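2 protein chains.
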Amino acid sequence: MYMRKVAIIGAGITKFGELWDKSLRELFVEAALKAVDDANVDLKEIQALYVGSMSPGLFAQQEHIAPLMADYLGLTGIPATRTEGACASGGLAFLRGVMDVMSGLHDIVLVGGVEKMTDVTTERCTYILATASDQEYEAFHGLTFVGEYALMARRHMYQYGTTKEQMAMVAVKNHRNAVKNPHAHLRREVTLETCLASPMIAEPLQLFDCSLVSDGAAAAIICPLEIAKKFTDTPILVAGFGQATESMATHDREDITKLRSTIWASQKAYKMAGVEPKDIDLAEVHDCFTIAEIMAYEDLGFCKKGEGGKLVEEGETEIGGKIPVNTSGGLKAKGHPVGATGVAQIHEIVLQLRGEAGERQVEGAELGLTHNIGGSGGTCVVTILKRL
Amino acid sequence: MYMRKVAIIGAGITKFGELWDKSLRELFVEAALKAVDDANVDLKEIQALYVGSMSPGLFAQQEHIAPLMADYLGLTGIPATRTEGACASGGLAFLRGVMDVMSGLHDIVLVGGVEKMTDVTTERCTYILATASDQEYEAFHGLTFVGEYALMARRHMYQYGTTKEQMAMVAVKNHRNAVKNPHAHLRREVTLETCLASPMIAEPLQLFDCSLVSDGAAAAIICPLEIAKKFTDTPILVAGFGQATESMATHDREDITKLRSTIWASQKAYKMAGVEPKDIDLAEVHDCFTIAEIMAYEDLGFCKKGEGGKLVEEGETEIGGKIPVNTSGGLKAKGHPVGATGVAQIHEIVLQLRGEAGERQVEGAELGLTHNIGGSGGTCVVTILKRL
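From first to last, the protein sequence lines stand for chains A and B. Counting in this note's numbering, the first sequence runs without a single skipped number right up to 1659 at its last residue. Counting in this note's numbering, the second sequence runs without a single skipped number right up to 1659 at its last residue.
In isolation and in its complexed conformation, chain A is listed as follows (with noise of 0.2 Å):
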């Protein structure tokens, strides 16, 4: 069978923060422009829009966004669809997009993503981000996101030696990394000190292991590879991409020191690009707690189960290091606003692989990954994107 290769022409991406100052609809908008530009599409041009976002219902009383959005960027008519996959809406969203185009029925789509997770409570916002879990048997029984991730960690620390030191470092890094991405969250520098002596949230994570509540978007424009180059001298290939499921409850996993949908979705995506882990240049991956990004260097084959808290100790995933992860700061320090985190890994990695990244620019970056979670594992979306 035959199938359309996609190139990514474009992408935007809004400040990531505490954004009381814009609403639901002004984020996207603003990432979506933004990503138009890039492009240098007209706006008319775009035939089609997938817009991920986790809970716009519940964060921001409006459900039915796709149209509310193609409005508003004055493109009312075209066929407009939200995905939601937790965390990973926005990697939802932009699969659908390459999907779409893939097919042949559209040739210039715009794919993104949006959170607004400020204007409720810290209480609502755990609550909220517990739906993604198995409601009726962990967030009922008060099992919170944090919860799970701390049992996983407990676990990995048990079985394979990992350290709370080693957890605080992925923080350390990413931290550092957020300083020079001038649309992160958090832009400072935080030490080993620092993490290691914060609240304890959800023993053994601590307050730094964690990611942050955040506002923001993040958008794309894709279309067929033999068009890309008319708009762009610099087009991205979608080289290739996997996507999976994990059984919804942690409960009703045999190992929970590694999430099985992080394996099968990137083991899809190496094969479809043709590639190997160790072929990678850099990667943004789903470090929604440090254990995760540990986890997760291990099950998308960057190292051996079990030594990603060495790969972390050693600096290999350092900008300079064997395989740099998370150069923009990650979820723990560019932000987290959750259904816009997949389609803004994809825009880092753009920015890398064009050599547009300034000051956190990693040399000679050719192939980069993406790495997108929701909940606990149950939705995994990777991403193998290339220069060409």
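Check before you lean on any hint, since a few could be wrong.
Because identical chains share one entry, a pair is satisfied inside a single copy or across any pair of copies.
What the hints assert, rightly or not - In the BS3-like style, the derived pairs of lysine-lysine whose C-alpha atoms are separated by at most 27 Å in a straight line are:
1. K1542 with K1451
2. K1315 with K1529
3. K1435 with K1305
4. K1539 with K1276
5. K1276 with K1657
6. K1451 with K1500
7. K1542 with K1315
8. K1315 with K1539
9. K1542 with K1276
10. K1276 with K1501
11. K1576 with K1435
No lab work stands behind these hints: they were computed from the structure. Model, not experiment: these values are computed from the prediction.
We have chain A; now place chain B onto it with these hints.
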């Protein structure tokens, strides 16, 4: 561009109604397994899942339902994606599944829709449904869904002389059809007098002008046409489809007696299928309110603008008429679990085109149409299905 043709090889549906003894996941799994049985596929052959649902977050405190449903079907691992477009969420899921197969990525795909609406109070339900309109400019100021359609009805009456009797005739017809549908929520006939004597909800719409609040799910199995005969002697071709958006807020529209999303989506679908409105043998249209069915007749091209009232009055949309509409009983009497509706419409047309619709069979039906609306018209999905 070559695009694979897609066929429906199986469909399943639950009883619609106030199903207090069944949870969200149970409803979806029941419909999905019925579709799997009907398609004669092995469960393990399913490669991807699309689930449409409007607001499991607000109705049932559960987001991230796609991996949950994959998990409960014993399909942990497969890509599973939720789509949302208010009451058109099911239609969106169906189209994403079709695009997935068209793209060549997957061969056997499960698509479905589900909603569990009756576990919340009526007031809460009204609030939740209003999140499908423009929250900040409509719902916030007290405009409910029935209020929106009441404005459309009043204007349609003023502009075209449509009568309350004609609207009530839609309800009478759909209730009559529902008696013959074992899965329908309300299986009883109503008289014109009952309708016209029913309580006023939002003038001029009375209780019997309004569709039902229901629990339920529907599902279908699709695959490339070239392998469909392996599974069934009666594959149903997805001959055409279209998706479009309309201004989110009704006050932004030039004319509220029509939905441009319906006009644009159906024009695309007719063009793709190479047919005209007069070729359609029967249709399932989105009769969330009786006026919506009358507007759909017109916007889909079954009659001229303004003559929808006359079409139902003359009996042309009855079984046995020129263009039978809502043989299932429609949203009015079959019921309207919002996320399930788009796929339930597909289910009805599949039965009819196969000649398996029992007492409500439209003789010799070869070409059927579904019309699924989100919100007050913000999203529209139209499909044209064909017996081969």
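How the hints compare with the structure:
| no. | hint | in the structure |
| --- | --- | --- |
| 1 | K1542 with K1451 | neither (33 Å within a copy, 51 Å between copies) |
| 2 | K1315 with K1529 | between (44 Å within a copy, 24 Å between copies) |
| 3 | K1435 with K1305 | neither (40 Å within a copy, 49 Å between copies) |
| 4 | K1539 with K1276 | both (16 Å within a copy, 25 Å between copies) |
| 5 | K1276 with K1657 | within (12 Å within a copy, 31 Å between copies) |
| 6 | K1451 with K1500 | neither (30 Å within a copy, 58 Å between copies) |
| 7 | K1542 with K1315 | between (36 Å within a copy, 22 Å between copies) |
| 8 | K1315 with K1539 | between (34 Å within a copy, 18 Å between copies) |
| 9 | K1542 with K1276 | both (15 Å within a copy, 26 Å between copies) |
| 10 | K1276 with K1501 | within (15 Å within a copy, 30 Å between copies) |
| 11 | K1576 with K1435 | within (17 Å within a copy, 69 Å between copies) |
Of the hints listed earlier, those the structure fails to meet are numbers 1, 3 and 6, in rising order.
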